[in-house]
Amino acid sequence: MRNNWRISLGIWVLVLGITILVGGLVGPETKPVIDMPDLDFFPDEVSDGRYFTVEDENGRELDKTARFVYVGDEFITQDNYHYRVKRVDDRRAVAELLGRVDLVSATEDVQPVWSLVSSKLLPVQNQPRNLLAVYNTHSAESYVPTDGSDSIPGGGGIFKVGDVFTAKLQELGVDVAYDKTPHEPHDANAYKRSRRTAIQLLSRGPAAIIDIHRDGVPDPDFYTAKISNRDATQIRLVVGRQNQNMQANLDFAKRIKAQADQIHPGLIKGIFMARGNYNQDLSPRSILIEVGTHTNKREMAQEGAALFADVITQVMGLGGRAGVTPGGPGPVGATRIGGDWFGVLWVLGILLVGGGAFLLISTGSWQGAVDKLRQFSTKEWANALRRRKGDKKPDNQ
Amino acid sequence: MAGFPIGMIALLGLAALIYFGLAQRVLDRMYLNDKVAIGILAAIAIGSFINIPLFTGRMDISINVGGGLIPIGLAIYVLTRAGTPMEKWRAIGAIIATAITVFLINGLLFTDDPWQGGRDWLDPLLVYPLAAGTIAYIVGRSRRSAFISATIGVLLLDLYDAFYLGTTGTPGTVAIGGAGAFDTILLSGVVAVLLAEVMGETMERLQGGPKPEGHAPNLLRQLSDLQGHQHLAQPAKKELPKNAGDEVTDEGRRNGHAE
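If you read the sequences in order, they're chains A and B.
Position 186 of the first sequence, counting from 1, maps to 237 under the working numbering, and the rest follow consecutively.
Position 244 of the second sequence, counting from 1, maps to 420 under the working numbering, and the rest follow consecutively.
Hints are computed from structural coordinates only; laboratory data are not their basis.
Hints should not be assumed to be uniformly reliable.
[Claimed, not checked] Which chain B residues stay away from chain A? Per the calculated CB distances, all over 12 angstroms, these:
1. Ala273
2. Thr277
3. Thr310
[Claimed, not checked] What follows is a list of derived Cβ distance ranges for each label pair:
4. Ala218/B x Asp226/A: 24 to 32 angstroms
5. Ile228/B x Trp417/A: 48 to 56 angstroms
6. Gly110/A x Pro229/B: 50 to 58 angstroms
7. Gly110/A x Ile222/B: 57 to 65 angstroms
8. Met379/B x Thr197/A: 54 to 62 angstroms
9. Ile276/B x Leu396/A: 39 to 47 angstroms
10. Ile401/A x Val212/B: 23 to 31 angstroms
Quick reminder that beta carbons are idealized off the backbone N, C-alpha and C, glycines included.
Can you build the whole structure from these sequences, using the hints too?
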């Protein structure tokens, strides 16, 4: 026992020592305390400039992105054709056409019977809280022609795009929680860091949460367009596939695109359903947007972001606005989408299949699985459900 | 939750319910009884709203009570409670192996952002706990080792971040466990234990039941008395409440496969 305390004390001293050491490196100046520029110890912040080209089976170019493309990735093009990547050779991907998406009907409220019944029993407010949350996972992302670099750690030009987006939302009467926490270094773990920012924002109960990025395709013309008589960059919506909210967020993205196609045609470049999570497991109203690319002027990206503010405000019915554009996806039902219930069924399905498989593997038989399941409600929770006096469990527990 | 539709609330509620349910089951295996496990979980939930600043300035470092302090404290507690020197060394070995693996994954696979040529065939959120769970099961042979390795392994990534920011002069933030109950630290611990549980149960099933070597004679006598699969299909071995006596507890500890 004494030995345990020694070990415990040793570990805490070690943790304290590391903390003090790290703290010693933190100073008010920007200059590093330990300078080791030649060791190449840390990842390079600068993009290698390579990107993926996605073509259809006839060799027609469909898309370009700096995002790593995998077999199975899906995307909806600007003109609403749905493709799935079936082959990737080096940086060239080939996608097959799955069909044309009718964004309006696809986003109509699809709800199971029980939700219709429950909606009569419980008043469902159509107006969500008048608050949007905004943050930047890749806080170094910048626009070369304006910012002078594609990457400015801790203070990228992407913050200024976020500022314009926020200002426009506020002008439209929407409250905005914009968190400018930097998440450097710019590696695959940036989402692990920005997860903390996202959860702090979500604790304020926003109607939706938006992570603003820019792409890394070298061709500046790829994202530029004349949109509602303004020179702006287009915006790509990104939905992460590796989480339970995928369908809800995809439906949300479709709503956004449908509304944008009505009020600012050409603004949305498309919807990319990528591998990864992008912290979209935290909210079924979560979207990642790519505002132009690093070779665009930042001012054009800011124009694109301001136009996007119009769209998202109407989709969410915020600032007293309801998305009632003729032919559009309809009023605020945007926040009540079928993907939510699909997500519920998906989670239940995973629970049943995964749990059932585990029970069968661990017990080796159907009867064993049933017995173990029975134990779950008796022995497993025994001392949580009984009074303290009954804390004693059978010896084989 | 006023202002949100029922479908959205149901989806969020169901996911949270399953996550917290699994987390409670995992904590229950960490030398805690059910009630204490629920208490710890409640503390994690409440502590998720509390951030303790450690340093401020060019680089802000803070630790969240629910997502950082409690899981890390629990990991250290579990490590110190290991019953035998062998179990302790196995756990320490698992931490070292996990730490090396986490740094290799971080340094070789995840150096670049997937939007700038980097690869993310599986989200890093899942990669670390899966690696930690596998290594901890192989090296540590226990679910408790899996929890310790995963939480400490991911904590080391935060320390790496602090080191990076400090040495490169990059302004930044290190919010250890800042996402509270949903932070990578606790999430990794939970996923790693569940993975170790699945691996453990599967391996035992494939080899036709627990191996007798190295186990307490008293325990083996009890096992041999059992008839039929339903008795072997007990839940993972759990610590008895403290008032149940140390003898049985030690037997449980020695039962390496079922920790």
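Verification of the hints:
no. : hint                                    : verdict
1   : Ala273                                  : holds, 18 angstroms
2   : Thr277                                  : holds, 15 angstroms
3   : Thr310                                  : holds, 17 angstroms
4   : Ala218/B x Asp226/A: 24 to 32 angstroms : holds, 31 angstroms
5   : Ile228/B x Trp417/A: 48 to 56 angstroms : holds, 50 angstroms
6   : Gly110/A x Pro229/B: 50 to 58 angstroms : holds, 56 angstroms
7   : Gly110/A x Ile222/B: 57 to 65 angstroms : holds, 58 angstroms
8   : Met379/B x Thr197/A: 54 to 62 angstroms : holds, 58 angstroms
9   : Ile276/B x Leu396/A: 39 to 47 angstroms : holds, 41 angstroms
10  : Ile401/A x Val212/B: 23 to 31 angstroms : holds, 29 angstroms
Comparing the model with each numbered hint stated earlier shows that all of them hold.
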